[in-house]
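Could you put the whole structure together from the sequences, leaning on the hints where they help?
Respectively, the protein sequence lines represent chains A and B. The opening position of the first sequence corresponds to residue 1 in the UniProt record's numbering, with each subsequent residue numbered one higher. The opening position of the second sequence corresponds to residue 1 in the UniProt record's numbering, with each subsequent residue numbered one higher.
Hint data in this document are derived by calculation from the structure and do not stem from the laboratory. Any given hint might turn out to be false.
Derived Cβ-Cβ restraints for the label pairs, each shown as a range [as the list claims (entries may be wrong)]: (1) D281/A <-> P66/B: 40 to 50 Å; (2) T246/B <-> I251/A: 30 to 40 Å; (3) P132/A <-> M204/B: 52 to 62 Å; (4) E423/A <-> P332/B: 52 to 62 Å; (5) K356/B <-> F128/A: 45 to 55 Å; (6) D123/A <-> D40/B: 52 to 62 Å; (7) P132/A <-> L6/B: 40 to 50 Å; (8) K367/B <-> E175/A: 51 to 61 Å; (9) E465/A <-> E62/B: 33 to 43 Å; (10) I415/B <-> L469/A: 50 to 60 Å; (11) E362/A <-> G156/B: 55 to 65 Å.
Below, computed lysine-lysine pairings styled on BS3-like, alpha-carbon distance capped at 27 Å [to be verified]: (12) K187/B <-> K472/A; (13) K185/B <-> K488/A; (14) K407/B <-> K356/B; (15) K225/B <-> K431/A; (16) K235/B <-> K308/A; (17) K381/B <-> K366/B.
Each residue gets a CB set at the ideal place from its N, CA and C atoms; glycine is no exception.
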Amino acid sequence: MKTKVAIIGAGIVGASIARVLSRYENLEIHLIEKEADVGWGVSKANTALIHGGYDDDPDKYPMRAKLCIKGNRLWHQWVKELEIPHIWNGALIVALKDEDFDELERLLERGKRNGVPEMRIIDREELFHLEPNVNPNALGALYVPIVGQIGPIPAVIAIVENAVANGVKVHLETEVRGIKVENGEVKGVETNNGFIEADIVINAAGLYADEISKMAGIDYFEIHPRKGEYWIFDEGIPGPNHVLFPTPTPISKGVVVTTEISGHLMIGPNAQDLPKDYKDDTSTTRGGLEEVWQKAQEIWPNLPPRWKVIRTFAGLRPEPTGGDFIIKAEEEVQGFINVAGIRSPGLTSAPAIGYEVRDIIERDLGIKLKEKEKWNPYRKEITHFFMLQPNQINELVKKNPAYGRIVCRCNKVSEGDVLEAIERMKFIGVKTPSVDSVKFRTKATTGTCQGSFCKVVIINLLAREYGILPWKVTLKGKGSEIGIGDVKVLLRGEAQ
Amino acid sequence: MNSTILQYDVVVIGGGPAGLAAAVKAKEYGLNVLLLDENDYLGGILPQCIHPGFGIHYFREELTGPEFSHRFMQRVKDLKIDYFVKARVLEIKNYSDLEKIVVFTSPEGAFEVWTKAIIYATGARERHAFEIGIVGDRVAGIYTAGEAQTLMDIYGVMPGKEVVIVGSGDVGLIMARRFALEGAKVKAVIELMPYPGGLARNVMILRDFSIPLYLSHKVVEVRGKKRVEKVKVMKVDENLREIPGTEFWIKCDTMIISAGLIPQVKLLTGIGVEIDPATGGPVVNDLLETTVPGIFVAGNSLLINDLVDYVAEQGELAAYGAKLFIENGGIPAEKWIKLEKGNNIRLAVPHYLSGKRDVYIYARVKKPMENVVLNFPEIDKKIRLPVVRPAEMLRIRLRKEEIAKAKDKITMEVIQQ
Chain A
1 MKTKVAIIGA
11 GIVGASIARV
21 LSRYENLEIH
31 LIEKEADVGW
41 GVSKANTALI
51 HGGYDDDPDK
61 YPMRAKLCIK
71 GNRLWHQWVK
81 ELEIPHIWNG
91 ALIVALKDED
101 FDELERLLER
111 GKRNGVPEMR
121 IIDREELFHL
131 EPNVNPNALG
141 ALYVPIVGQI
151 GPIPAVIAIV
161 ENAVANGVKV
171 HLETEVRGIK
181 VENGEVKGVE
191 TNNGFIEADI
201 VINAAGLYAD
211 EISKMAGIDY
221 FEIHPRKGEY
231 WIFDEGIPGP
241 NHVLFPTPTP
251 ISKGVVVTTE
261 ISGHLMIGPN
271 AQDLPKDYKD
281 DTSTTRGGLE
291 EVWQKAQEIW
301 PNLPPRWKVI
311 RTFAGLRPEP
321 TGGDFIIKAE
331 EEVQGFINVA
341 GIRSPGLTSA
351 PAIGYEVRDI
361 IERDLGIKLK
371 EKEKWNPYRK
381 EITHFFMLQP
391 NQINELVKKN
401 PAYGRIVCRC
411 NKVSEGDVLE
421 AIERMKFIGV
431 KTPSVDSVKF
441 RTKATTGTCQ
451 GSFCKVVIIN
461 LLAREYGILP
471 WKVTLKGKGS
481 EIGIGDVKVL
491 LRGEAQ
Chain B
1 MNSTILQYDV
11 VVIGGGPAGL
21 AAAVKAKEYG
31 LNVLLLDEND
41 YLGGILPQCI
51 HPGFGIHYFR
61 EELTGPEFSH
71 RFMQRVKDLK
81 IDYFVKARVL
91 EIKNYSDLEK
101 IVVFTSPEGA
111 FEVWTKAIIY
121 ATGARERHAF
131 EIGIVGDRVA
141 GIYTAGEAQT
151 LMDIYGVMPG
161 KEVVIVGSGD
171 VGLIMARRFA
181 LEGAKVKAVI
191 ELMPYPGGLA
201 RNVMILRDFS
211 IPLYLSHKVV
221 EVRGKKRVEK
231 VKVMKVDENL
241 REIPGTEFWI
251 KCDTMIISAG
261 LIPQVKLLTG
271 IGVEIDPATG
281 GPVVNDLLET
291 TVPGIFVAGN
301 SLLINDLVDY
311 VAEQGELAAY
321 GAKLFIENGG
331 IPAEKWIKLE
341 KGNNIRLAVP
351 HYLSGKRDVY
361 IYARVKKPME
371 NVVLNFPEID
381 KKIRLPVVRP
391 AEMLRIRLRK
401 EEIAKAKDKI
411 TMEVIQQ
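Here you go:
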């Protein structure tokens, strides 16, 4: 008999757990997500870094300290197996004042304790060799070559696709409304789409992990949202070669200046604690963006003019009571595992969290896991026109002319790329077609013009492939429909 | 490279009014022409401009956008001009001053075209909400004016029912009318400047449909859960600085951004074409040739025009330039006379004049003025105008004899009478 596992939350954490557990013969895994697609919560908007594992104090935050470096090492394997876009460009934590070196020494020491390889403090001369455009007053830096960058939602998508290929069932647009517990044991999950039976319930609900935990009767922690805002600039603006951090403060690692993987200069985030009930407030603010601008300028004085911005956005980190990741099998409720408060470095730690949860299942829940004889560790990325050589274009176009048609002119995304993305959406069970689902899989709409030319084309492709009317296509799930009807709908008085 | 290799005298990039006019004219000159466009159809933005007002100068009759473009497309067919639609140029290579390579992809495959001259007519793109500093939620219901126009007039999709329009440029005003005609409530047009941004005839729309216009105001924030629910508006002072305490919210489900156009010149900057920061388009001579020999530009990728007639005119001039270029193995060297911007002139094109031919100067002023003289001091030319407005492009003809009077520069300035 198989042990039924329900994982709540298809973000980077839930997805990673699902992938790790999909390896075992005797588990039946259900991944439950309230949004229309995977990775749309905390995973969607963050700095997209694979951190170095040096800045979490192992005495205060043992889980973070342990899982960050372990996650960093695992990502090297996962990006390869799953073809996730990434770069390993290293980080520099820049010292602007003499006192900053004390903090850098502390970080170096902590890095050593956490087992981070290759770190060292570099002097002014070496810093300017590595980053000629850093603040001319910079005095030196802590160099952490093992830091990388990744596409966070592409990562979630890749992991979920692989998990599904290995038998995981995904339930999208499925909101958890209750957890059934009988005689101190979990029995399953109540949702808007009916009851999902489960022997093990894993709470990876991000910002809502405290509310899910309460549904199981466990309420020793709270999650509050901490907002971070970002600016992304047009392509062609020279950014740093490495991820640049200021010397950190107790509350935050500080505003990062980086060239993100698609080549755009990005700055952010600040850290603003929001009231507990602001868990869906991802609005940008004047004050927040201004703060990011000022702080970024401290390490990167040559910021482009404001009109070179192509997007601003905000993300929320789930800050738990106590500050450390909460990853444990709860004793009061047999079969209930909290994976909560996965704030930064959650993206980095995610693969390690997956293995941690597997160990908890074996060790604390006493389930002997049996490996599948055939488990597929690989997943192929969709075609990206912008990565093709001319001869490859011609070969593809011969097979399918859609690959010769450019949809997104800024990022060179072909209709063929979009059609593959739609196929993959269907593969993991996306029911409500959205422009965002295509965007995160292809990069269409994320360039200079922000989709003002290609959004309409994508809407029509989605409408055709899903067999619905164009105005029912959404931007980001139900409630964000592109239109209200055909052009005569108001005159006929039929609009809702 | 496994691409199919083609050879032409002229490659016209962009099948809108500038490109169509250029291709037709170049073919009429007897040149071997290839026209490329990335849309499913030729015509550029015109097929979605279902309102009248096109062709008054060029065809001497008032046409809609589809009618205007149809006439040119008919010429393209009659003249048997080679063209590709759904074709995207990936790269322009400047092989030498006499040869260019245009690499493009299409559903028929990837191609490499060797050509003597290029006429670049790729139009403009619209500024979007992020570029004008609007903060808040990133939700459904935010469209650029052109995007809403494509949705409504090409695909028949009604975006929403309560609309706020940001910017009073022509496209925004025309879309205000379009929404009103479809039964939507246009709750306001918000304009940053103290005067409207569109042509006078389009500003009339607001009165016709009783749409409030807020001058010296800006939208600073948009809020909503899944879709726009409200936008926050603030008044600005004469230096365009926000005035604290003036903010108010407007409830709406749709926000249309009509905040100006930016010439699309990415493929040109890639090969070192010099860009004029005032126009956003290339620096050109009086044949609309850029600083890279053999590359000519026309239409909104040269500068943002108000009237399609001028766009077509520029296309034809660029075709003439290409003809001269090909006939002479390059444009004959000149002592070029520089057109300088004087008082209240924000932009002026072309940048260099030869004195060998008559020229239309296209220019815009910085701020509105009444009872003015348009003055060209070096050549002793004065034109009286009752009014000049930033929204209305000036088109001034200078005769070659006039230009030849200048030594090395001609200043264009607006002075009070």
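The hints, checked one at a time:
1. Distance hint check for D281/A and P66/B: the Cβ-Cβ separation is about 45 Å, which falls inside the suggested range of 40 to 50 Å.
2. A beta carbon spacing of about 35 Å between T246/B and I251/A agrees with the range 30 to 40 Å that was offered as a hint.
3. Restraint check, P132/A to M204/B: a C-beta distance of roughly 55 Å satisfies the suggested window 52 to 62 Å.
4. One distance hint, 52 to 62 Å for the beta-carbon pair E423/A and P332/B, holds here, with the actual separation near 57 Å.
5. Separation of K356/B from F128/A is about 52 Å and conforms to the stated range, judged on CB atoms against 45 to 55 Å.
6. Roughly 59 Å separates the CB atoms of D123/A and D40/B, a value that falls within the hinted 52 to 62 Å.
7. Checking the proposed 40 to 50 Å range against P132/A and L6/B shows it holds: the Cβ atoms sit about 43 Å from each other.
8. In this structure the hint that K367/B and E175/A lie 51 to 61 Å apart at CB holds, the actual value being about 55 Å.
9. Restraint check, E465/A to E62/B: a C-beta distance of roughly 41 Å satisfies the suggested window 33 to 43 Å.
10. At about 58 Å, the CB distance of I415/B to L469/A agrees with the hint of 50 to 60 Å.
11. Between E362/A and G156/B, the C-beta spacing of about 58 Å keeps the proposed range 55 to 65 Å intact.
12. Restraint check: the Cα-Cα separation between K187/B and K472/A comes to about 24 Å, which is no more than 27 Å; the hinted pair holds.
13. The suggested pairing of K185/B with K488/A holds, with an alpha-carbon distance near 14 Å, which does not exceed 27 Å.
14. For the suggested pair K407/B and K356/B, the alpha carbons sit about 14 Å apart, so the restraint of at most 27 Å is met.
15. Pair hint K225/B plus K431/A holds up; C-alpha atoms about 21 Å apart against a cutoff of 27 Å.
16. Distance hint between K235/B and K308/A is fulfilled; the C-alpha atoms sit about 24 Å from each other, no more than 27 Å.
17. This hinted pair checks out: K381/B and K366/B have alpha carbons roughly 21 Å apart, not beyond 27 Å.
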